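K.L.:
Residue-level listing of the chains:
Number of protein chains: 2
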Amino acid sequence: MMKNTKTVAVKASGNYDITIGKGLLSNVGEILKGIKKPCRTVIVTDSNVDPLYSDAVIESLEKAGYSADKYVFAAGEKSKNAATFVEILEFLASEKITRSDLLVALGGGVVGDITGFAASCYLRGIDFVQIPTTLLAAVDSSVGGKTAIDLKAGKNLAGAFYQPIAVICDTDTFETLPEKEVACGYAEVIKYGILFEKEFCDSLMSGKCDIDEIVEKCVIFKRDIVERDEFDNGERKLLNLGHTAAHGIEKVSGYSLTHGQAVAVGTVIATKIAENFGICKEGTYREVEKMLEEFNLPTKYDITAEELCEAALSDKKRQSSKLTLVLPEKIGKCVLYDVDVENLKDIFSKAIG
Amino acid sequence: MMKNTKTVAVKASGNYDITIGKGLLSNVGEILKGIKKPCRTVIVTDSNVDPLYSDAVIESLEKAGYSADKYVFAAGEKSKNAATFVEILEFLASEKITRSDLLVALGGGVVGDITGFAASCYLRGIDFVQIPTTLLAAVDSSVGGKTAIDLKAGKNLAGAFYQPIAVICDTDTFETLPEKEVACGYAEVIKYGILFEKEFCDSLMSGKCDIDEIVEKCVIFKRDIVERDEFDNGERKLLNLGHTAAHGIEKVSGYSLTHGQAVAVGTVIATKIAENFGICKEGTYREVEKMLEEFNLPTKYDITAEELCEAALSDKKRQSSKLTLVLPEKIGKCVLYDVDVENLKDIFSKAIG
Numbered sequence: 001m002m003k004n005t006k007t008v009a010v011k012a013s014g015n016y017d018i019t020i021g022k023g024l025l026s027n028v029g030e031i032l033k034g035i036k037k038p039c040r041t042v043i044v045t046d047s048n049v050d051p052l053y054s055d056a057v058i059e060s061l062e063k064a065g066y067s068a069d070k071y072v073f074a075a076g077e078k079s080k081n082a083a084t085f086v087e088i089l090e091f092l093a094s095e096k097i098t099r100s101d102l103l104v105a106l107g108g109g110v111v112g113d114i115t116g117f118a119a120s121c122y123l124r125g126i127d128f129v130q131i132p133t134t135l136l137a138a139v140d141s142s143v144g145g146k147t148a149i150d151l152k153a154g155k156n157l158a159g160a161f162y163q164p165i166a167v168i169c170d171t172d173t174f175e176t177l178p179e180k181e182v183a184c185g186y187a188e189v190i191k192y193g194i195l196f197e198k199e200f201c202d203s204l205m206s207g208k209c210d211i212d213e214i215v216e217k218c219v220i221f222k223r224d225i226v227e228r229d230e231f232d233n234g235e236r237k238l239l240n241l242g243h244t245a246a247h248g249i250e251k252v253s254g255y256s257l258t259h260g261q262a263v264a265v266g267t268v269i270a271t272k273i274a275e276n277f278g279i280c281k282e283g284t285y286r287e288v289e290k291m292l293e294e295f296n297l298p299t300k301y302d303i304t305a306e307e308l309c310e311a312a313l314s315d316k317k318r319q320s321s322k323l324t325l326v327l328p329e330k331i332g333k334c335v336l337y338d339v340d341v342e343n344l345k346d347i348f349s350k351a352i353g
Numbered sequence: 001m002m003k004n005t006k007t008v009a010v011k012a013s014g015n016y017d018i019t020i021g022k023g024l025l026s027n028v029g030e031i032l033k034g035i036k037k038p039c040r041t042v043i044v045t046d047s048n049v050d051p052l053y054s055d056a057v058i059e060s061l062e063k064a065g066y067s068a069d070k071y072v073f074a075a076g077e078k079s080k081n082a083a084t085f086v087e088i089l090e091f092l093a094s095e096k097i098t099r100s101d102l103l104v105a106l107g108g109g110v111v112g113d114i115t116g117f118a119a120s121c122y123l124r125g126i127d128f129v130q131i132p133t134t135l136l137a138a139v140d141s142s143v144g145g146k147t148a149i150d151l152k153a154g155k156n157l158a159g160a161f162y163q164p165i166a167v168i169c170d171t172d173t174f175e176t177l178p179e180k181e182v183a184c185g186y187a188e189v190i191k192y193g194i195l196f197e198k199e200f201c202d203s204l205m206s207g208k209c210d211i212d213e214i215v216e217k218c219v220i221f222k223r224d225i226v227e228r229d230e231f232d233n234g235e236r237k238l239l240n241l242g243h244t245a246a247h248g249i250e251k252v253s254g255y256s257l258t259h260g261q262a263v264a265v266g267t268v269i270a271t272k273i274a275e276n277f278g279i280c281k282e283g284t285y286r287e288v289e290k291m292l293e294e295f296n297l298p299t300k301y302d303i304t305a306e307e308l309c310e311a312a313l314s315d316k317k318r319q320s321s322k323l324t325l326v327l328p329e330k331i332g333k334c335v336l337y338d339v340d341v342e343n344l345k346d347i348f349s350k351a352i353g
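Keeping their order, the protein sequence lines are chains R and D. Using my numbering, you'd call the opening residue of the first sequence number 1 and step up by one each time. Using my numbering, you'd call the opening residue of the second sequence number 1 and step up by one each time.
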């Protein structure tokens, strides 16, 4: 029986529930049974997650009457490429998986993104479920239906908007995460606080929040944005807070900085820009730094304005001669702010100087 | 100026016009200007079509203020694979094509299917235009938003439902088609007649139809079905008339028979099954044969019931223990008919015996 679980309903092009709780891996079959009749399932996971959690999920699925196959690829962002994507599709086809079957993405953001994209393309779309096993995936990539792979020219350049039929988040799985990975998740958690709610930031700093509550709060923030702008034509861009600079930082670091660490530094840079523009009051920058430090996240990285510029301008969201920055007005409220591409180097330069 | 063009409006998840006429390649830019402001375009085409038509399209685009790049791949069904698909995506990314730019699919079904699929995935979806240069693509694959690539296990196993922003059909391009290719298109044209309208069959047989009228009529038939069942959950299955057997025939022939030729044979088999079931009156079978013969299409192929069965059962549309056949009640009206998989061999056996 499932006790103390939280459910967040998402109404997008597909409607689905996000279930959050402890020990949920052993309830995956039971939860699915409420929304899809027993069928064949293929669990897609990576070499880190597989030995930890595949067995529990398979057992739960089989107990509920589903059959379960498994596809495992090498863990890491390097696997989030076209080759892995095609291998998954070929595997599904060779196993004669049909339109009425189900993919199960078991793992972090890489697993969720690539599995969701494969689900959207295989036979022009079959159902899939997200089972995030990292805090970062739980609060960010598993919700909202953005799926993707990286191309040679950059991250997330191919993909689909494709909603899962369920997200099942067992917060016990976060306990096996390395500390750096947990911090990475908190970078996105803090991002939501800066974007939407000062009180949430305060309660994070007080250390009194239960992890289930934190995840619930974040997915509600994200859900609300996704419901209003599923296809990323407006408000959803707010979720890129810290990401414009983060892409450059990740790249320059040779991906030795995690996405979350880069977002942390990027958020500090965005806040400094906001201060320089007079959009937020002086000192906001320091407040943001303090929060990130509290969660063992970096606030600085040795990068030049040129490097930040170059990465920002190769970003796929750019249109024409303007670039949209996400800037805090205060902790709990941010705005979209268009700047001329030609001023960008100067803007970055003043923010990191 | 465009004289004597026909326009068919499609209202699906995206709304768009199909423009049909002679000499339209030189009007592509002009037509596009009415729906999308000048941007970068990438023409995707194959090695057969490129030397014939790319220059005319590029000239027309540039005259209207669009810039045009080109991606050419080797002609043939063999290119409709994951490797070509990924190469197109990497090309777009390396050229820094943005979300506001445009892909132009210039060619037959292979070009249209793979380009549409790439457009649906690149940056999670950018606009694309279909410019079919074969009769088959004009009446079938360019309309309705089904895009796909083949996987090792079979044809069209990965793809997306993704509508173009326009279809521009220059019927002059059919004049460079080999006779076999034209016949291939007529297999689908006759299919529409058997599915929807006896009078259309009669006028085809009379030889009095203008090619523009034939294309217009067929895309209206298809448009009407797509508008009612865009995602292929019901009525759209009617368009598979002749295709269940055709897939097996293509395969067994080692693809020496074209898709259209296989569909012709498959349509005869479907009609024979309908006669055997007493669904249509005796002699319908002979009528269908006569029409196909008139257009130089085969009506028989040396294949066993086992081979037909195996191919039919690996078809992606199959669910559980039933297979849906499309069977003529009479020329101009067909029905969906579920049969038990276990009876299938016997059914085929009696139809080809």
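Don't read these hints as lab results, they were simulated from the structure. Bear in mind that the values here come from a model prediction, so they are computed numbers and not experimental data. A couple of the hints might just be wrong.
Chain copies aren't distinguished; within one or between two, either way the pair holds.
As the list claims (entries may be wrong) - Listed next, the in silico SDA-like pairs over lysine to any residue satisfying Cα-Cα at most 25 Å (straight line):
#1 Lys-11 <-> Phe-161
#2 Lys-37 <-> Ala-74
#3 Lys-78 <-> Ala-93
#4 Lys-22 <-> Phe-91
#5 Lys-36 <-> Glu-230
#6 Lys-251 <-> Cys-209
#7 Lys-155 <-> Ser-94
#8 Lys-11 <-> Arg-228
#9 Lys-300 <-> Tyr-337
#10 Lys-345 <-> Glu-95
#11 Lys-300 <-> Ala-9
#12 Lys-152 <-> Glu-87
#13 Lys-11 <-> Asp-232
#14 Lys-33 <-> Gly-278
#15 Lys-70 <-> Lys-152
#16 Lys-96 <-> Ser-79
#17 Lys-96 <-> Lys-322
#18 Lys-345 <-> Glu-199
#19 Lys-33 <-> Gly-21
K.L.:
All hints are to be evaluated individually against the structure, with a verdict given for each.
P.N.:
Verification of the hints:
1. Lys-11 <-> Phe-161: both (14 Å within a copy, 21 Å between copies)
2. Lys-37 <-> Ala-74: For Lys-37 and Ala-74, neither the intra-copy (31 Å) nor the inter-copy (44 Å) Cα distance is at most 25 Å.
3. Lys-78 <-> Ala-93: both (24 Å within a copy, 18 Å between copies)
4. Lys-22 <-> Phe-91: Neither, since 32 Å and 45 Å both go past 25 Å.
5. Lys-36 <-> Glu-230: Answer is both; intra-copy 24 Å and inter-copy 23 Å each pass.
6. Lys-251 <-> Cys-209: neither (33 Å within a copy, 61 Å between copies)
7. Lys-155 <-> Ser-94: Classified as between; 12 Å across copies, 28 Å inside a copy.
8. Lys-11 <-> Arg-228: both (10 Å within a copy, 24 Å between copies)
9. Lys-300 <-> Tyr-337: within (23 Å within a copy, 66 Å between copies)
10. Lys-345 <-> Glu-95: Classified as between; 23 Å across copies, 52 Å inside a copy.
11. Lys-300 <-> Ala-9: neither (37 Å within a copy, 55 Å between copies)
12. Lys-152 <-> Glu-87: both (17 Å within a copy, 10 Å between copies)
13. Lys-11 <-> Asp-232: both (15 Å within a copy, 23 Å between copies)
14. Lys-33 <-> Gly-278: neither (53 Å within a copy, 42 Å between copies)
15. Lys-70 <-> Lys-152: Cα proximity of Lys-70 and Lys-152: across copies only (19 Å, versus 27 Å in one copy).
16. Lys-96 <-> Ser-79: Both. Shortest intra-copy (24 Å) and inter-copy (23 Å) distances satisfy the 25 Å Cα cut-off.
17. Lys-96 <-> Lys-322: between (47 Å within a copy, 16 Å between copies)
18. Lys-345 <-> Glu-199: neither (34 Å within a copy, 68 Å between copies)
19. Lys-33 <-> Gly-21: within (18 Å within a copy, 53 Å between copies)
The structure shown violates the earlier hints numbered 2, 4, 6, 11, 14, 18.
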